[in-house]
Amino acid sequence: MFDLFRLDVLLALFVIVVIIRSAFWNQRRIGVQFLTFLICLGLVGAPLLFNLGGVLDLIVAQLDAFGVVWFWNQVPEAYRTIQLTPLWLLLFTVVVTWILYLIVRLFALLFGGKERRKYKKNPHYATVHHPLLGILFGALRAVVLAYLVLLFVRFTLPLTQLDLSGDFVYQFYLQIDVVGDLISDAAAGMPFPVFGG
Amino acid sequence: MKALDKTVLLFELLLGTDMARVNEKIDQIHFSDFYGRVVRVVPTLARTQLLADVVERYHHIDLYGILSIQRALEVEQELVELDRRIRLLPTINPYLADGGERPYEVKTVGQVGVEISAQGMRFDDFVSHQGVLARHRNKVVKLKAFAWYKEAKRGLTEMIDDSKLMLQKIRKAKLTFKSLGFQYVFTSILVVGVVVFLLFFPQSEAYRLGTLNWLPRTIYTGIVYGIAVCYGFLSIAHHHYKTYPFRMASSLRRNVAKQQKLSDTLDEISETFERQLVQATKMPRKITTSIHKVAVIGEQRRHNTSELIDYVYSEKEFYFERHRAFLVLHNIAFAGIVLASVAIVMAQILQLL
Chain G
1 MFDLFRLDVL LALFVIVVII RSAFWNQRRI GVQFLTFLIC LGLVGAPLLF
51 NLGGVLDLIV AQLDAFGVVW FWNQVPEAYR TIQLTPLWLL LFTVVVTWIL
101 YLIVRLFALL FGGKERRKYK KNPHYATVHH PLLGILFGAL RAVVLAYLVL
151 LFVRFTLPLT QLDLSGDFVY QFYLQIDVVG DLISDAAAGM PFPVFGG
Chain S
1001 MKALDKTVLL FELLLGTDMA RVNEKIDQIH FSDFYGRVVR VVPTLARTQL
1051 LADVVERYHH IDLYGILSIQ RALEVEQELV ELDRRIRLLP TINPYLADGG
1101 ERPYEVKTVG QVGVEISAQG MRFDDFVSHQ GVLARHRNKV VKLKAFAWYK
1151 EAKRGLTEMI DDSKLMLQKI RKAKLTFKSL GFQYVFTSIL VVGVVVFLLF
1201 FPQSEAYRLG TLNWLPRTIY TGIVYGIAVC YGFLSIAHHH YKTYPFRMAS
1251 SLRRNVAKQQ KLSDTLDEIS ETFERQLVQA TKMPRKITTS IHKVAVIGEQ
1301 RRHNTSELID YVYSEKEFYF ERHRAFLVLH NIAFAGIVLA SVAIVMAQIL
1351 QLL
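If you're matching them up, the sequences are chains G and S in order. In this text, residue positions in the first sequence follow the working numbering: the first is 1, and each later residue adds one. In this text, residue positions in the second sequence follow the working numbering: the first is 1001, and each later residue adds one.
What the hints contain is simulated information worked out from the structure, not anything from laboratory work. Mixed in with the good hints, there may be bad ones.
What the hints assert, rightly or not - Residues from chain S that face chain G, not an exhaustive set, calculated with beta carbons under 7 Å:
#	residue
1	R1208
2	A1228
3	H1238
4	Q1348
Every residue, glycine too, gets a C-beta built ideally from N, C-alpha and C.
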């Protein structure tokens, strides 16, 4: 079946959808939110990937105290292999990033009256629809999201046995992927028995 | 009817080119009473006929004869009405540079007249009982310009106020597309379920390993692509509906900005307007341009407003009617995803594949 499966096609569809969606809904506020998410991703991802200050070790050491290991051991053994560790690390990073992002958004709601004052002063502030800018910004968003998807695909491959040797995009991605290597290295350096069960 | 006794008909085409002939024609036209003119109508000639043809073929006929009887009756009524309205003109006197007001004297300036052009008839008010006099014409043109200016300003102010009101209503509008939102969330869950099933469940291991026969292999691939396309469309459609108020309000804001700019321009003109009226023999070009813009914006506004009313006041039905084709596609995509998901589950249950 998988000889008919083309990741290129699905990715192209994904990118088109993201760009069109962005063209519908474009304003400065949305752009700021996306940049906030990227910054959160950097804030969460960098310490984990580079194990800055031993953060990763610290988290892993504390997992048992919070009962995470017990839950982890309930997962079928097939999904707790060394090969899949980068996938769980990636998912963990994304989830923590989302939590941090939501916290930042909440704080922005609490203290961010500035935008509203500007809007009150000038009703046209940051609320005009620019389809072309939306398309351009959507392209940026699509690239970032597609990169995340490719990361996910790369670490899911051991589960799926997908044959992506003929996929142009995936092969190109493998050549330029730095973050994926970092995640793999970080996962390889983790105290595996805890994660491996 | 006294005022109408001195009404004359003017050929715009001839005006200014052959004044002697025009005056001759005017002298020939003499009506004693209201009904007498109607009787003299020549009904056979279509009033849409080009003026040049009329002049060439019927130059010996009284110009009034190009009207049909019905039209002539209407004209008479309109003349009466126009005459009445001219007598009720506002008392603002545009001739004073200091902006002072003085009652406008209709009697001495002009009375009702009719202009006939290739497009048909149109009423004007720059005719006096002595024929076309430049000073009278200028005065009335100035008055008209001033009235147009006032009307344009008032219209613009109304438009801006209306637009702001509509913006407020959009912000307060609670219209949501709950069923569409439900479809989107439901299909999202379905898609995630299908993906998880295909990638992780033991039942689809043969699918992952690529050991299936070509038929189920093709069917599964088709389902995957079908779901992807349908879900992509649903995602776009859902976003389209969700962000519609934003785009509508944005377009309204653009219009408000445009109107505000035009209003500022008119304000700017008004500073020198009185002076211009005194100096100019013709209507200032800037005013006509501005009035034309006002008309264009008014037309846009009518279109936008109808859409806004559909959204803010008239609820979903009108909106759905507007986007019927899109909604049909939306439902087809929704049905496609549901059917594909059901197909996979049934195939597994019945062990077809």
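Verification of the supplied hints:
no., hint, result
1, R1208, "holds (5 Å)"
2, A1228, "holds (6 Å)"
3, H1238, "violated (9 Å)"
4, Q1348, "violated (15 Å)"
When the structure is compared with the earlier hints, violations turn up for hints 3, 4 and for no others.
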